[in-house]
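Visitor: Could you fit the two chains together into a complex? Lean on the hints.
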Amino acid sequence: MKIVYNGEMDTRLCKEVLGATIPEILESDSDVVYLDADLMSCIGTLKYGAQHRDRAIDCGIAEANMAGVAAGLAMAGFKPIIHSFGIFASRRCFDQVFLSGGYAKNDITVLGSDPGVTAAMNGGTHMPFEDVALYRVIPGSTVLEPSDPTCLMSLLKQAVDRPGIKYLRVGRKSMARIYADGSELPIGKAPVLRDGTDVVIFAAGIMVHEALQAAASLEKQGISAAVVDCYTIKPIDRETVITMAKKTGAVVVAENANRHGGLYSAVLEVLAENCPVPAANVSVEDEFGEVGTQSYLQQRFGLTAAHIEEKAKSVIVRK
Amino acid sequence: MENEETNMDQTEVKALKAFAIRIRLATLDAIHSIGSGHLGGALSIADVMAVLYGREMNIRVEDPAWPDRDKLVCSKGHAGPGVYGTLAVKGYFPYEELKTLNKNGTRLPSHCDRNKTPGIDVTTGSLGQGTSQACGLALGDRLKGRKNRVFLIVGDGEMDEGQCWEAFAFAAAHKLSNLVVLIDWNKKQLDGLCNDILPMGDFVKKMEAFGFDAVQVKGDDVEAIAVALERTRQGGDKPYAIVLDTVKGAGVEEVANTLMNHSMPVNDEKYEKWTTELKAELAALEG
Ligand SMILES: Cc1ncc(C[n+]2csc(CCOP(=O)(O)OP(=O)(O)O)c2C)c(N)n1
Numbered sequence: 070m071k072i073v074y075n076g077e078m079d080t081r082l083c084k085e086v087l088g089a090t091i092p093e094i095l096e097s098d099s100d101v102v103y104l105d106a107d108l109m110s111c112i113g114t115l116k117y118g119a120q121h122r123d124r125a126i127d128c129g130i131a132e133a134n135m136a137g138v139a140a141g142l143a144m145a146g147f148k149p150i151i152h153s154f155g156i157f158a159s160r161r162c163f164d165q166v167f168l169s170g171g172y173a174k175n176d177i178t179v180l181g182s183d184p185g186v187t188a189a190m191n192g193g194t195h196m197p198f199e200d201v202a203l204y205r206v207i208p209g210s211t212v213l214e215p216s217d218p219t220c221l222m223s224l225l226k227q228a229v230d231r232p233g234i235k236y237l238r239v240g241r242k243s244m245a246r247i248y249a250d251g252s253e254l255p256i257g258k259a260p261v262l263r264d265g266t267d268v269v270i271f272a273a274g275i276m277v278h279e280a281l282q283a284a285a286s287l288e289k290q291g292i293s294a295a296v297v298d299c300y301t302i303k304p305i306d307r308e309t310v311i312t313m314a315k316k317t318g319a320v321v322v323a324e325n326a327n328r329h330g331g332l333y334s335a336v337l338e339v340l341a342e343n344c345p346v347p348a349a350n351v352s353v354e355d356e357f358g359e360v361g362t363q364s365y366l367q368q369r370f371g372l373t374a375a376h377i378e379e380k381a382k383s384v385i386v387r388k
Numbered sequence: 036m037e038n039e040e041t042n043m044d045q046t047e048v049k050a051l052k053a054f055a056i057r058i059r060l061a062t063l064d065a066i067h068s069i070g071s072g073h074l075g076g077a078l079s080i081a082d083v084m085a086v087l088y089g090r091e092m093n094i095r096v097e098d099p100a101w102p103d104r105d106k107l108v109c110s111k112g113h114a115g116p117g118v119y120g121t122l123a124v125k126g127y128f129p130y131e132e133l134k135t136l137n138k139n140g141t142r143l144p145s146h147c148d149r150n151k152t153p154g155i156d157v158t159t160g161s162l163g164q165g166t167s168q169a170c171g172l173a174l175g176d177r178l179k180g181r182k183n184r185v186f187l188i189v190g191d192g193e194m195d196e197g198q199c200w201e202a203f204a205f206a207a208a209h210k211l212s213n214l215v216v217l218i219d220w221n222k223k224q225l226d227g228l229c230n231d232i233l234p235m236g237d238f239v240k241k242m243e244a245f246g247f248d249a250v251q252v253k254g255d256d257v258e259a260i261a262v263a264l265e266r267t268r269q270g271g272d273k274p275y276a277i278v279l280d281t282v283k284g285a286g287v288e289e290v291a292n293t294l295m296n297h298s299m300p301v302n303d304e305k306y307e308k309w310t311t312e313l314k315a316e317l318a319a320l321e322g
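Protein chains in written order, with the working numbering: chain S, 70 to 388; chain Y, 36 to 322.
Excised from the complex, chain Y in its bound form (with noise of 0.2 Å):
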């Protein structure tokens, strides 16, 4: 059965959906192994995630390092427990080793690191720096003759930083249509509200105004995001960019609507709660 308007096959739409709430499921399991972490924008990209490693990216789950694939640089690096819960989903690493998130020894670093886990292509943390490294790999990949992507995740407070900025610029004057740029727009940063702290506008009017291809999309529709990121395969002479409007912490109700909700704890009782909850949810959709 397909979508007339997407032509999207909706069983595929409900994988996508289920593979969204694994992820979750997997970060949870990650933060409640180590007792607290960057729940809410973790939580906020599975959707994205999901529609990035189960359509739209083409990969190697056996050969992480292969030169052609696809690549994602999670900029905002702290969200690296969403990115391995991911990664442990599609068998990058044995789903267990989730549990040594943050031990001590451990290839889970709290942000991502690309010299310690597999599939993690890109190394990042301090936020800004993953924007200019992601045009720098759309560049090095399409002067080597590549024909692959760049998939590039920023937080909307890490916007604020000025080398987001200078990125862009760089990447729509060297017409880097290989590398997509999507917006985490969950409306919060660590100490609180965007708009209280440093309100940033219409980010597709100022994608837009930078020489980028902008749309905005719902960031929990996995149907209305893979359709979005189908339209980057085109090529053309501009990067890309998809401004989620997504919710911090979307994906577990009590999460989403705690206010300070950047870093939470996860004890046995939430996480028995929570991930029941997740669940529920995916045994009635996969029936």
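Looking at chain S on its own, in the form it has when it is part of the complex (with noise of 0.2 Å):
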């Protein structure tokens, strides 16, 4: 693994790396099938879906169907990937999977496209801030929310061969570079992107590149922020989340998702039993999506560096 963040944005979209890594994790391995919910076109996955139907199948606008079908390949000895976006992979199926999937011992890898305000222009209706909340719930999951398109396809590689059930927060836009081409960034850890000494700032998904900006901004005014990529929100790092906040002793969480269930909760529970320290959180405050450019909805929900950097200053006073 290796970091080469200088704030400019990756040139390819995540949804051509979907629409590519899928297609190749199909060919390497014939026990994984890929199914979708009608929304094939929308990740890039369209073209390779319509020559290989038999494994690439779109099962329809018909979600909780899909996952069900997920569970009996699984017990019938495949590994599924599914497909639909956020809302509809997490809250439309969520019985299925969590039974017939979860309890069931089906292990089925769950890919949920347009994380919060990257919904954007779908509105309200289409923008999940609580995809990570309930997926975090399900006993022995894993959930990812990518920080790159690099560390995209690597997470999406290593979850089809993880026991459980597994979710992505998948973006389908561009998206900052942070690691090198080919990185390999190994599931359960959370890369310290940036070190620092005054306060840690532990990120997940487009996060990550607001708090890389925070923290430059912040170290021109004399305050130490260090930056860790918590790609993996379950099961998290507790190694590197007790080092970093004893070390720094003030934590500042940004995510992309409601204040409740989502990675700041996840880092909260390991403060509190391990080193209780002050913390403070960047992320949807209890509210509803709304339509709108990301940028917008970005200031509306609070969800910028300059928000990052405001929570950083007061969390360092509280000391």
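A portion of the hints provided could be inaccurate.
Lysine-lysine pairs mimicking DSS-like chemistry, simulated, CA-CA at most 30 Å apart [what the hints assert, rightly or not]:
1. Y:Lys222 with S:Lys116
2. Y:Lys138 with S:Lys242
3. Y:Lys253 with S:Lys242
4. S:Lys242 with Y:Lys305
5. S:Lys316 with S:Lys242
6. Y:Lys308 with Y:Lys125
7. Y:Lys151 with S:Lys242
8. S:Lys116 with Y:Lys305
Some chain Y residues near chain S, calculated using beta-carbon distances under 7 Å [as the list claims (entries may be wrong)]:
9. His146
10. Gly160
11. Glu196
12. Leu225
13. Asp226
Honestly, the hints are just simulated from the structure, not real lab data. Heads up, the beta-carbon is just placed ideally off N, CA and C, and yes, glycines get one too.
Guide: So this is what it looks like as structure tokens:
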């Protein structure tokens, strides 16, 4: 793993990465099947799907059925990947994933696209702020939120072979480039992207880029902020959380999700039991989503580098 | 002048056709203002929307919350721009507001939202969910002793959702004859042709098997739609279904002829071309 962040966007769109990686996985492992719910064209798999209908299956607009079918395929010896927008991949088929999947020990990899404010133009009905919370409470689940296209590719390939329910919260648009091409990002780890001594920012997904920008700005003001990429939201990297919290004595968590049940909760659980230090969150404050551009929505819900900076300063004062 | 078979006044038929064109123009005005959107499925409901809001529905534009009004549930909530176009032409809000579609802070989000837009009765966007809400509304209105009806527009792709069929079984069980289900059978969903993805067979037979009074009409024939809707006024003990044989993108030739027309860009050039065509049609119609 090599960090190459310089604030620039990756040239690849995440949907292009998905559109290439899913067929690659299908080609390399004949036990993998991929199911979609009428959204293949949204992640660039439509063409491949049309040519490989046996193992790339468009189930139609029926997410609950898709999750149940995936459970059946798992019983028959397959490793299913299912995809829909994050709202439908979580809320719309949650009971089927939970029971037919998790409880019955039928392993399923779930891709939920357009996390949080990245759902932008599709609006409030399509804006998942709660998917992480839902997936975290499935016993034995893995919850992942890649921070860049390379991370996405690496996590998806590992997730397919992992037991249990695996939820990947994936964007479709461009993201900042954090890691060098071909980097391996092991599930369970939370890499320290930038070291620091005054405060640590634990971030996931699009908020990693915001956190790195906040840290750069804080540095100019004489504040040393560490940034940790929490692409593994569950199981959270306890060791890194504890080490960095102890080292800095102040914590900010930045997530593109509701403050309840997501990364903030996951980090607080670790802190409360091991090293209670002042903590603050940059999250959606218990609101529903709405329509708008992503940048407007980041402002609207307080999910920008400036908000992180402000929270970092306020939490340091509480040390 | 009246058509013998339907007894419909031809002046009214002409007015409904003109209304449908105005809805299409308004839909283009809205989507063009933001550059792209769910064009195909918004255009395919323009004719039925014209008949509903131009003739069949008992509504008060000046009092959108009137409890006894007929209600519309556009369960394929992504057709919002088509519904907003209709409401704007009717005067529920200023026509110019169409240009705020999807803009930051707008009252017109991509998917229908009852808490945001004057005239929108039900919040939809997660396909299938409008069907059950429509049943609850129809049942509730009946329990309250209201004489109104509930019109439910469902996409043919949306019919993939199991929830639709749960709702239909409920509607028949509770004899919701104040519910009219309008199936927009435009043969396409997001990833392409319904028959390539999940063929649903004969909707009329399916709805009949579920206990509905079901008919099929040509979806661009406002007169046929009007006649079919008029039939549903008689009450009885069955809910009604009208299968609208439509074309995704109907009314704008180039859109209708595009295979993948679920979401499409409407740039300045296309906007000019398509609205010019529609305006010419309107002029020819109204003379
Ligand atoms: C539960 C759910 N799953 C997926 C989607 C994403 N989606 C929006 S529109 C659409 C296709 C709808 O097809 P259809 O009902 O036939 O509508 P139309 O073709 O008339 O636009 C899909 C899959 C959604 N809105 N809701």
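Visitor: Against the 30 Å threshold, does the CA-CA distance of lysine 316 of chain S and lysine 242 of chain S hold or violate the hint?
Guide: Violated - the C-alpha atoms of lysine 242 of chain S and lysine 316 of chain S are around 35 Å apart, more than 30 Å.
Visitor: Does the nearest C-beta of chain S fall within a distance shorter than 7 Å of the C-beta of aspartate 226 of chain Y?
Guide: holds (5 Å)
Visitor: Does the interface hint hold: is glycine 160 of chain Y within less than 7 Å of chain S, judged Cβ to Cβ?
Guide: holds (3 Å)
Visitor: For a C-alpha distance cap of 30 Å, please report whether lysine 151 of chain Y and lysine 242 of chain S respect it.
Guide: Within the cut-off at roughly 28 Å; holds.
Visitor: Verify the interface restraint on glutamate 196 of chain Y: the C-beta must sit less than 7 Å from at least one C-beta of chain S.
Guide: holds (6 Å)
Visitor: Would you settle whether the hint for leucine 225 of chain Y is holds or violated, based on the nearest Cβ-Cβ distance to chain S being less than 7 Å?
Guide: Holds: closest Cβ of chain S sits about 5 Å from leucine 225 of chain Y, inside 7 Å.
Visitor: Check the hint pairing lysine 308 of chain Y with lysine 125 of chain Y against an upper bound of 30 Å on the C-alpha distance.
Guide: holds (25 Å)
Visitor: Would the hint linking lysine 222 of chain Y and lysine 116 of chain S be met if the CA-CA limit is 30 Å?
Guide: holds (20 Å)
Visitor: For the pair supplied as a hint, lysine 116 of chain S and lysine 305 of chain Y, is the alpha-carbon distance within the 30 Å limit?
Guide: Answer holds: lysine 116 of chain S to lysine 305 of chain Y is near 27 Å, not above 30 Å.
Visitor: Less than 7 Å between beta-carbons is the criterion; does histidine 146 of chain Y satisfy it with respect to chain S?
Guide: At 5 Å from the nearest chain S Cβ, histidine 146 of chain Y passes the 7 Å test, so the hint holds.
Visitor: Are the Cα atoms of lysine 253 of chain Y and lysine 242 of chain S separated by 30 Å or less?
Guide: violated (40 Å)
Visitor: Under the criterion that the straight-line Cα-Cα distance not exceed 30 Å, is the pair lysine 138 of chain Y, lysine 242 of chain S satisfied?
Guide: Holds: lysine 138 of chain Y and lysine 242 of chain S sit about 19 Å apart, inside 30 Å.
The structure is inconsistent with the numbered hints 3 and 5, although it conforms to all the rest.
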